[in-house]
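Novice: These are the residues of each chain, in order.
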Amino acid sequence: MGTYQKLSVQERLQLTFEAQEFLYREAELLDARRLDDWLGLLAEDIHYWMPIRRTTQAKDVHLEFTKLGGMAFFDDDLTTLTLRVKRLSVGRAWAEDPPSRTRHLISNVRISDVDDDEITVMCNFQLYRTRLNSEEDSWIGRREDVLRRVDGELKLAKRHIYLEQTVILSQNLSSIF
Amino acid sequence: MPAAIITSDRTSVDLDACYNPSTGVLDRRIFTDRLVYEEELKRIFGRGWNFICHDSQIPDPGNFFVSFIGEDEVIAVRDRTDKVNILLNSCPHRGNTVCRAELGTTKSFMCSYHGWNFDLDGSLVAVPNEEAFYKGGLDKKDWGLESAAKVESYKGFYFATLDPDAPSLLDYLGWVGKLGIDMMLVDGPIRFLDGVHKNRLKCNWKFAVDNLYDWYHVKVSHGTAFKVGLVTEEAMAPNDQMVILGEYGHGIGGPGLTVERQAEFDQRQTTGEGESQWYDLQAGHRTDPATREMLGPIGHRSFGHPNIFPNLWVTHTRQMCLRIPRGPFETEIWWFNYLPVNLPAAQSKQSIFTHNHVFGPAGFLEQDDGENWSHSTRGARGTQSKNRPLNISMGLGQDAVSTDPSGQSGIETVVNEHGQRWTYQCWKEWMQADSWQDLMNNHSTPPQGSV
Ligand code: FES
Ligand SMILES: [Fe+2]
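Going line by line, the protein sequences match chains A and B. If you count the first sequence from 1, position 128 lands on 128 in my numbering, and the numbers rise without skipping. If you count the second sequence from 1, position 140 lands on 140 in my numbering, and the numbers rise without skipping.
Careful, some of the hints might be misleading.
[As the list claims (entries may be wrong)] Pairs of lysine-lysine, DSSO-like flavour, derived with a Cα cap of 30 Å: (1) B/K150 x A/K67; (2) B/K107 x B/K83; (3) A/K67 x B/K107; (4) B/K107 x A/K86.
It should be emphasised that the hints constitute simulated quantities derived from the structure, not laboratory data.
Using the sequences and the hints given, assemble the complete structure.
Specialist: Next up, the structure:
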C-alpha cells in the first residue's frame, strides 16, 4: 500500500483538494492566456514531456509510447517552455496569431503518491481549441503531474502527457497541455 | 499523352498551359481538383520510386513498418532470408488490411477477416478449412499479397515503385537524388530513431513540397525563432543560395557557399583565426576529404534542402520528412529522425533535442507553417480565386547554371524560386506521360546556361 493510501480520509481529502485547486487554477491561467503567470507555477527543474504514440499489435504494446530520452512531441524544460511563452509576445508567432481559444477540462483527479514535499497527481483532460472562423481541435488524454511544495507553495515539477492520438489530427500543437 | 484533365467542375486543366515556364505563372486548380489528384496518384505516386523506410527501422526478420505509396498502404517487412519485402496491405480475398499496427514484429500476417495467412514474403501459406470448403479449387500461389513491382535500396534507404517499367532506383535518383541522400551520411553511417512524428495538415501535398525550396518565407513565417534567440537571423535564411536541379524533378535548394566563402572557411580551419560565420555549423560536417569527395565539388558547398521527387524532404537537422497525400485537401506529415551510428552520447542527446524542438507539430519552426499551406489550398477553392493564377517567378531569367568539370552543376544566387519552378515543370511532364517509356522520352533535362 502506498503512502497516500495509508493516510486518513481527512488527510487524503485535504491533499486532493489542494492538488485540484492547483490544477484548476493553472487551467484558468492557460485559458485566460496568462502564460507569464503560468510560468510562475513551474519548478526550476520541470520536465514537460509528451511521447509519440503508435498503434501496435496487442503483443507489442510495450512499443506503444516512445521512451524517455527519445523522440517526443514535447520534451521541454523551463528554458524551452519559457521560449514557447516568449515567442508569443515577439510578433510573427503565426500558429497563435490570431490567438487560439482554448478550454482545459480537467477531471478524474486522483493522487497516486505523496512524500514529504511532492504529490504525484494523475488526471484526465480534454483540451478543446478553436481557431479563426471554424477550425476546431480536441485533444483528450491523461497527465501524470508532480506538484512540489516550494516555500509553502505548490509548483509543477513534472508533467507527462499521454494523448489518445497516434497521428496528431491537428495542424500543430501550439497549445500548452 | 493527355492534353488536359477535365476537372470535377467540368472545366479543363490544360496540362501544357497550367504552368508557363517562361513567365512562372501557375494554374491554381492543380492544387484542389479531385480529378487532377486522382491522376497524380496514378501518374506520379504510382509510377515513381517512393521512400518506404530505412534499413535500421526493421533490423531483424519479422520486423515491419507500415508506410504509404500515394494512398496505397504498404508493409515493409524483413523476411527470414533477410530480404526486405514491400507488400500491399490488402488481403486478396476481400481486401481487408492484413496488418493493423504501424510497426512491430510478426511471424506472418494473418488476415483478421477469414484468417488467410501470409508469409513474410507475402505468399499465401494457410487458408482456414481449405480442403473442406475450397475442395482443391484454390491455387494459393496465385493469391499472395501483392508486392511492389520493384524494391531497391540506396545505402540503406528502401524505395519501392508500383510500376514494373520504372528504371532502376539509381537511374531514377540520378546524381542529384543520390546527393540528397548522401547529405544525410556526412557523419558516417546512420541509424533511424524509434518514433516518427506524424500529423495532418489541411493542405495539398504540393504546397508542402513547394515550401521546402522556399527560403523567402523563413524570416516571415519563422520570425520568432531568431527573435527569441534560438538561431541568428543570418544563419536561419542566408542570402547566399544555391540550387541544384536533377532529372525527374529532384532538386536541392537553399543556403550554399560560394567558392570564396568555402576557401575562407577552409583557411580559418587551418589557421584557427578569423571570425565565426553562419555556415560554420554545416561546413563543419564536411571537412573530411572523403565526405567532400562523396558530395562532389558543388554538392559539398550546398546546405540546401533536397527533395527526392515527389515527396521526400531532407533537412540538415538529421531529419527527413515525407508528405503523404490524403486527398487534394489533406496531407500527412511524417518526420523521421536519425543519428550517425558513431555519434558520442552527449552529441546524440543534443541532436535529439533539436529533432524534438525544430520540426514536428510542436516544433519551434514548423508549428507556424501549417496554416499557411492550408490557407493557400483553401484559397484555390473559390470560383473566382481558383481562376487567378499564382506567381512563382522570383529569379526567373536572372541567373545562370554553372557546371563543374566533374559534371555537377548548380545555380549560385540569392533567394529565388528556381526549385519550385523545376518542381512544377517536372510535375507537368509526369502528368503528361502515359508510361515510363513516355516519361523517359519526354522529360526536361535540367537547364544549362541561363535560367
Ligand atoms: S478478407 Fe482476408 S481472409 Fe477474407
Ligand atoms: Fe517553414
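Novice: Decide, hint by hint, whether the structure agrees.
Specialist: Going down the list of hints, with the structure as the test:
no., hint, verdict
1, B/K150 x A/K67, "violated, 35 Å"
2, B/K107 x B/K83, "holds, 14 Å"
3, A/K67 x B/K107, "holds, 25 Å"
4, B/K107 x A/K86, "violated, 50 Å"
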